[in-house]
Amino acid sequence: MSQFSVIGKSVPKVDAYEKVTGQPIYAADLKMQGMLYGKIVRCMEFAHAKVIKLDFSEALKIPGVVKVLGPEDVTQTTYNTGACDEMVSDKVGHLLGDLKDQSIFTDHVRHQGDAICGVIAISEEIAERAAAKVIVEYEPLQVFMTPSEAEKTGTHQLHPDKANNMAFQLPEAMFPGNSYGWGDADEAMKEADIIVEDDFYVNKQKQCQMEPHAYIAQVDGRGRLNCWSSGQMPKITHQKIARLFNMPMSMVKIHSTTIGGGFGARLGIIAEPETCALAMAVPGRPVKVQTLREEDWIISESRHAGDYWMRLGFKKDGTPVACQARFKANTGAYFTHASGVPFTTGAWLSGMYKFGALGYQGESYFSNQAPAGAYRGYGNPQTNFVLEQLIDRALTQLDLDPVQWRLNWHKGVGDDGWCFGVKYPSCQLSECLKQGAEAIEWNKKLAEFKNQTGTKRRGVGVSVMNHTSGAMPMLLEHTVTTVMMNEDGSAVVATACSDLGQGSHTVLHQIAAEALGLDMNEVTLKTGDSDANGFDIGSHASRTTYVGGNSILEACDDIKKQLLERASKHLDTAVENLEFGGKTIFAKHNPENSITTAEICRLGVYNYMDPETGEPEGAPGQIFGFSSHFAKHNSPPFGACFVELEIDTETGEIELLELVHTHDIGRTLHPAMAEGQMVGGAQQGIGMALTEEIYYDEQGRAVNSSFTDYKMYGSSDMPKMKVILVEDPDPHGPYGAKSVGEAGLTSPVGAIANAVYNALGIQFKEAPITPEKVLKAIKENGLNFA
Amino acid sequence: MSSRILPNFDLLVPNSTSEAVNLLAHYQERAAILAGGTDLIVAMKMNYESEILISVSELDGLDYIDFDPNSGLHIGAKATVSQILDNADVKQHYPALWQAANVFATPQIRTAATLAGNVLRGSPAGDCSCALLALGARIVLQSTEGKREVAIEDFWTGYNQNARKPSELAIEIIVDAPQSATGSAFHRMTRVNEDLAKLNGSVRLDMDGNVCKSARIAMGCVGPTTLRLPKTEKLLQNEEITPELLAHVADMVPTEISPIDDKRSTAEYRLMVSGVVIKRLIEQAATAAN
Ligand SMILES: Cc1cc2nc3c(=O)[nH]c(=O)nc-3n(C[C@H](O)[C@H](O)[C@H](O)COP(=O)(O)OP(=O)(O)OC[C@H]3O[C@@H](n4cnc5c(N)ncnc54)[C@H](O)[C@@H]3O)c2cc1C
Chain A
1 MSQFSVIGKS
11 VPKVDAYEKV
21 TGQPIYAADL
31 KMQGMLYGKI
41 VRCMEFAHAK
51 VIKLDFSEAL
61 KIPGVVKVLG
71 PEDVTQTTYN
81 TGACDEMVSD
91 KVGHLLGDLK
101 DQSIFTDHVR
111 HQGDAICGVI
121 AISEEIAERA
131 AAKVIVEYEP
141 LQVFMTPSEA
151 EKTGTHQLHP
161 DKANNMAFQL
171 PEAMFPGNSY
181 GWGDADEAMK
191 EADIIVEDDF
201 YVNKQKQCQM
211 EPHAYIAQVD
221 GRGRLNCWSS
231 GQMPKITHQK
241 IARLFNMPMS
251 MVKIHSTTIG
261 GGFGARLGII
271 AEPETCALAM
281 AVPGRPVKVQ
291 TLREEDWIIS
301 ESRHAGDYWM
311 RLGFKKDGTP
321 VACQARFKAN
331 TGAYFTHASG
341 VPFTTGAWLS
351 GMYKFGALGY
361 QGESYFSNQA
371 PAGAYRGYGN
381 PQTNFVLEQL
391 IDRALTQLDL
401 DPVQWRLNWH
411 KGVGDDGWCF
421 GVKYPSCQLS
431 ECLKQGAEAI
441 EWNKKLAEFK
451 NQTGTKRRGV
461 GVSVMNHTSG
471 AMPMLLEHTV
481 TTVMMNEDGS
491 AVVATACSDL
501 GQGSHTVLHQ
511 IAAEALGLDM
521 NEVTLKTGDS
531 DANGFDIGSH
541 ASRTTYVGGN
551 SILEACDDIK
561 KQLLERASKH
571 LDTAVENLEF
581 GGKTIFAKHN
591 PENSITTAEI
601 CRLGVYNYMD
611 PETGEPEGAP
621 GQIFGFSSHF
631 AKHNSPPFGA
641 CFVELEIDTE
651 TGEIELLELV
661 HTHDIGRTLH
671 PAMAEGQMVG
681 GAQQGIGMAL
691 TEEIYYDEQG
701 RAVNSSFTDY
711 KMYGSSDMPK
721 MKVILVEDPD
731 PHGPYGAKSV
741 GEAGLTSPVG
751 AIANAVYNAL
761 GIQFKEAPIT
771 PEKVLKAIKE
781 NGLNFA
Chain B
1001 MSSRILPNFD
1011 LLVPNSTSEA
1021 VNLLAHYQER
1031 AAILAGGTDL
1041 IVAMKMNYES
1051 EILISVSELD
1061 GLDYIDFDPN
1071 SGLHIGAKAT
1081 VSQILDNADV
1091 KQHYPALWQA
1101 ANVFATPQIR
1111 TAATLAGNVL
1121 RGSPAGDCSC
1131 ALLALGARIV
1141 LQSTEGKREV
1151 AIEDFWTGYN
1161 QNARKPSELA
1171 IEIIVDAPQS
1181 ATGSAFHRMT
1191 RVNEDLAKLN
1201 GSVRLDMDGN
1211 VCKSARIAMG
1221 CVGPTTLRLP
1231 KTEKLLQNEE
1241 ITPELLAHVA
1251 DMVPTEISPI
1261 DDKRSTAEYR
1271 LMVSGVVIKR
1281 LIEQAATAAN
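If you're matching them up, the sequences are chains A and B in order.
Be aware that the first sequence starts at 1, since it is given in my numbering, and climbs by one per residue.
Be aware that the second sequence starts at 1001, since it is given in my numbering, and climbs by one per residue.
It cannot be assumed that every hint is accurate.
What the hints assert, rightly or not - In silico BS3-like cross-links for lysine-lysine, where the CA-CA straight-line distance does not exceed 30 Å:
{"#": "1", "chain 1": "B", "residue 1": "1091", "chain 2": "A", "residue 2": "773"}
{"#": "2", "chain 1": "B", "residue 1": "1091", "chain 2": "A", "residue 2": "53"}
{"#": "3", "chain 1": "A", "residue 1": "152", "chain 2": "A", "residue 2": "354"}
{"#": "4", "chain 1": "B", "residue 1": "1231", "chain 2": "A", "residue 2": "720"}
{"#": "5", "chain 1": "A", "residue 1": "434", "chain 2": "A", "residue 2": "9"}
{"#": "6", "chain 1": "B", "residue 1": "1147", "chain 2": "A", "residue 2": "776"}
{"#": "7", "chain 1": "A", "residue 1": "776", "chain 2": "B", "residue 2": "1231"}
{"#": "8", "chain 1": "A", "residue 1": "456", "chain 2": "B", "residue 2": "1045"}
{"#": "9", "chain 1": "B", "residue 1": "1045", "chain 2": "B", "residue 2": "1213"}
{"#": "10", "chain 1": "A", "residue 1": "444", "chain 2": "A", "residue 2": "354"}
{"#": "11", "chain 1": "A", "residue 1": "50", "chain 2": "B", "residue 2": "1234"}
{"#": "12", "chain 1": "A", "residue 1": "720", "chain 2": "B", "residue 2": "1263"}
{"#": "13", "chain 1": "A", "residue 1": "133", "chain 2": "B", "residue 2": "1231"}
{"#": "14", "chain 1": "A", "residue 1": "190", "chain 2": "A", "residue 2": "67"}
{"#": "15", "chain 1": "A", "residue 1": "779", "chain 2": "B", "residue 2": "1045"}
{"#": "16", "chain 1": "A", "residue 1": "133", "chain 2": "A", "residue 2": "423"}
{"#": "17", "chain 1": "B", "residue 1": "1231", "chain 2": "A", "residue 2": "779"}
{"#": "18", "chain 1": "A", "residue 1": "50", "chain 2": "A", "residue 2": "100"}
{"#": "19", "chain 1": "B", "residue 1": "1263", "chain 2": "A", "residue 2": "765"}
{"#": "20", "chain 1": "A", "residue 1": "133", "chain 2": "A", "residue 2": "61"}
{"#": "21", "chain 1": "A", "residue 1": "190", "chain 2": "A", "residue 2": "434"}
{"#": "22", "chain 1": "A", "residue 1": "445", "chain 2": "A", "residue 2": "720"}
{"#": "23", "chain 1": "B", "residue 1": "1045", "chain 2": "A", "residue 2": "19"}
{"#": "24", "chain 1": "A", "residue 1": "67", "chain 2": "A", "residue 2": "31"}
{"#": "25", "chain 1": "A", "residue 1": "152", "chain 2": "B", "residue 2": "1234"}
{"#": "26", "chain 1": "A", "residue 1": "152", "chain 2": "A", "residue 2": "315"}
Said to hold, decoys possible - Okay, the calculated beta carbon distance ranges per label pair:
{"#": "27", "chain 1": "B", "residue 1": "1161", "chain 2": "A", "residue 2": "284", "range": "51 to 61 Å"}
{"#": "28", "chain 1": "B", "residue 1": "1092", "chain 2": "A", "residue 2": "703", "range": "55 to 65 Å"}
{"#": "29", "chain 1": "B", "residue 1": "1091", "chain 2": "A", "residue 2": "716", "range": "35 to 45 Å"}
{"#": "30", "chain 1": "B", "residue 1": "1064", "chain 2": "A", "residue 2": "149", "range": "57 to 67 Å"}
{"#": "31", "chain 1": "A", "residue 1": "729", "chain 2": "B", "residue 2": "1045", "range": "44 to 54 Å"}
{"#": "32", "chain 1": "B", "residue 1": "1242", "chain 2": "A", "residue 2": "319", "range": "54 to 64 Å"}
{"#": "33", "chain 1": "A", "residue 1": "783", "chain 2": "B", "residue 2": "1242", "range": "22 to 32 Å"}
{"#": "34", "chain 1": "B", "residue 1": "1214", "chain 2": "A", "residue 2": "142", "range": "50 to 60 Å"}
{"#": "35", "chain 1": "B", "residue 1": "1055", "chain 2": "A", "residue 2": "35", "range": "27 to 37 Å"}
{"#": "36", "chain 1": "A", "residue 1": "53", "chain 2": "B", "residue 2": "1151", "range": "51 to 61 Å"}
{"#": "37", "chain 1": "B", "residue 1": "1045", "chain 2": "A", "residue 2": "628", "range": "35 to 45 Å"}
{"#": "38", "chain 1": "A", "residue 1": "780", "chain 2": "B", "residue 2": "1013", "range": "50 to 60 Å"}
{"#": "39", "chain 1": "B", "residue 1": "1029", "chain 2": "A", "residue 2": "781", "range": "49 to 59 Å"}
{"#": "40", "chain 1": "B", "residue 1": "1161", "chain 2": "A", "residue 2": "703", "range": "19 to 29 Å"}
Hints are computed from structural coordinates only; laboratory data are not their basis.
Glycine included, each C-beta is placed from N, C-alpha and C at the ideal position.
Using the sequences and the hints, build the whole thing.
Right, here's the structure in full:
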């Protein structure tokens, strides 16, 4: 029997019934009285240009057009759609060189899709027709698409403060030599018996959440700016919008709509500024801005592509003596996450293995690509692709087993985590490796594949990863929760934590029910209303269960404390003698002497006077619990992924046969959803490794900004999968849980690359590994499989 | 960029073929024919405009698939790809067509998409089109002037061009009857399962034991239309199928195609795999024949 009543069970997702019956309201579904429609005119022809003429006259002639707004008609305040600026102090932000370089409408197009102006009309159709009638003339500017083009002398400078278009570099003041790590990697490298080194390219991948971005804004009769947003960080949106329009937060209200997936695409803000600006021009009228998939593609951020150099040194016996790396990220046209991603890309590198010394340099460069930002994994899959392949290259030279070497050299409890000084409190990576190897029959297959013949070649690969549960101490991790006890003892838990579809509301619900000893239906969550919810940094860094859950536990502890104090009065014994037994509180030594929590709550609200004694019945006051919780740790989870695949050496096609995904989860709060996260993560990791990339033409225009030509693995493409959750409660996580949100995406990337290497003996330095690249490499290497 | 809003058009829904051809005679180029709409509506969301759409949805009796051992397979213009997949005669006698239908799009699209629409759209990536070219087919066109049949190899006259006159409605596709030992096969390569082909191929062999009496070979995504590969076909004619012959075939195929680089693949890759694809299809078709 489990010690828990709700935790650890695959209870129905709180929104499952609604979702499968089509009830939830997404922003696109919302229709309001008097609603107008906005259409943003975007530059689709050029990736870099100056607007030399902007003429609304023809558009304004169309009946039904209400207004057209250009750059001068909206606030001139600039902003950053990312969220990093809200997560570090101004001082750190200054040291990092963070920029607020975006504006609502621009006359300097920095990437295809930049917003030029906005049309407001009485229907979506009229708005679109009018948008097509806006006359914009452009003067094309030099287009540069990669870090190496960006830094060339003579290239157009996108921002005056950023020489050579270098948007970010680890700042000297914080990281001498613009590098972090430990030891002297240059010196240590000299001790190496073998060195492996290479330049890699990691791809620009899109989150592909199901719901395209849609927003509504309205200035109501009281002058309050309302915004219906599906952002994954509603309180950051609240703060950013208030600041952008110079209004007190009390005059801005964010209504969170149901979120149709995020994966980082909804981190920070997206088109809320444009939508609010349009609404402010027509006070009283709601204005809806609905994006098309192609539009969503270029206005919301993607994963950072980039050039990744790495050099690893080993002793003959496999001892890893040194690691040096440099990631030059392509941040695209605006700053957004230019500091956050190249910083953390190296953090995951630092957190993995016990290298004798390590030196990492992280940089990012502007380009005329659409901006990059947060995407599930946040730098981790990029590192996984490079690090795990180079490790295996070295192990081949050293004739060492990839699983055994990882068992020997991965970091664990007591070692420095991804953030120096924050030590790993728990780690079951060895167990993950062992169980995963057994599940995929590692030793047997490795031996078998050494002697294979024929044109179809199989391979197995392994990769490990570390991630995080929230981003403390690098970033602010703060969540506020209030718990209101109803007069019948049921509870309302209010928190701004969002549910992107991953099921966080279900898990938070479970945590509250467990803590209060209530059933699932005796707890309800109040979320999505910026007036009612206190601060929460938002859904990012796999932190909602971990930080939000702990915040709820803290608020529930506050409730329990108050209930016990009241019970002590009712039962006339000291609190120390009482036991909180779920719905009843009783005296430890005399369980008969008890009172239900429902009774305590009822008497607190309906605090009548006893007509016989003239005294109030019980203690007065409705019970509220509160927490303003700052995470105390980041309890990183680990994981190992194993892949078996088969390559058709005559066509270069790769078929994934099996993927075993192991995860060091601490404690599983909801088995079905935890597995779902691992499977969904694998699907995106597979995409990064094999099929997904945004391609641009010579003029810098995206050629595959929709699902016709941007290809993700579908359900019929997925391999047989096995998820193994290794449990070992973490000392800091809620009920011992560690995160599972981003982790599942990361290790499949390296595992697939390594399985390809195992099958062919070739490593691919550019992701994704397409059949075109595989076949070409087979021919170039003169390999003949028969 | 696409749009959520379709351009304006008038939708005409004739109840009979004669009414339909009268409307076509009247509107000519001003009208487009709407079948499943899985190509047409997508195009209209991008940039295609047509003043008039004439829907085939209410035309009676055009959703048949009839097989006759002598005259072949008769497919009405309204028959969908799903119907092809559900048809036992197709599966037995025309495996190439069945295999094309089997990998075609998704269940939702297959339920709407017609075979006629696939041929009339004439995309060089059309899957059923590729199978039909290998199997041998005729398109039956009707206008107020009467009916005519066009052999499928003469039907696609260039990229986005075909032999249909603006006044004509395609009413039927007839696929040649199989011989006593006919085998066929279809294969396509895609980036993921639900995708348009980056390369597709289909082979029909009329066999006598292990000797190929005649061959029809089609390949798509390697030219402006789906192509037949006459030189490769000739290599096979009256020859025993041996590994040596197949090696010749694999070398010949790339000389007959002219692929380009596009979003789905590269010319280089298509050239490299084309021979392998046809070699494997020949093996499969030969097995199916015997
Ligand atoms: C998501 C998606 C996936 C797809 N996947 C595939 C795939 O895997 N393989 C593939 O080959 N195709 C695919 N397609 C393309 C499309 O589904 C097929 O080409 C389909 O067969 C078209 O048939 P339809 O009935 O929808 O034609 P429509 O779109 O209605 O018409 C197509 C063209 O044919 C003309 N036409 C139709 N019927 C007649 C007639 N009776 N007489 C004269 N002209 C006519 C129309 O005017 C139009 O020009 C896909 C499309 C989508 C949207």
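So which of the earlier hints does this model not fit?
-> 1, 2, 3, 4, 6, 8, 9, 11, 13, 14, 15, 16, 21, 25, 26, 28, 29 and 37
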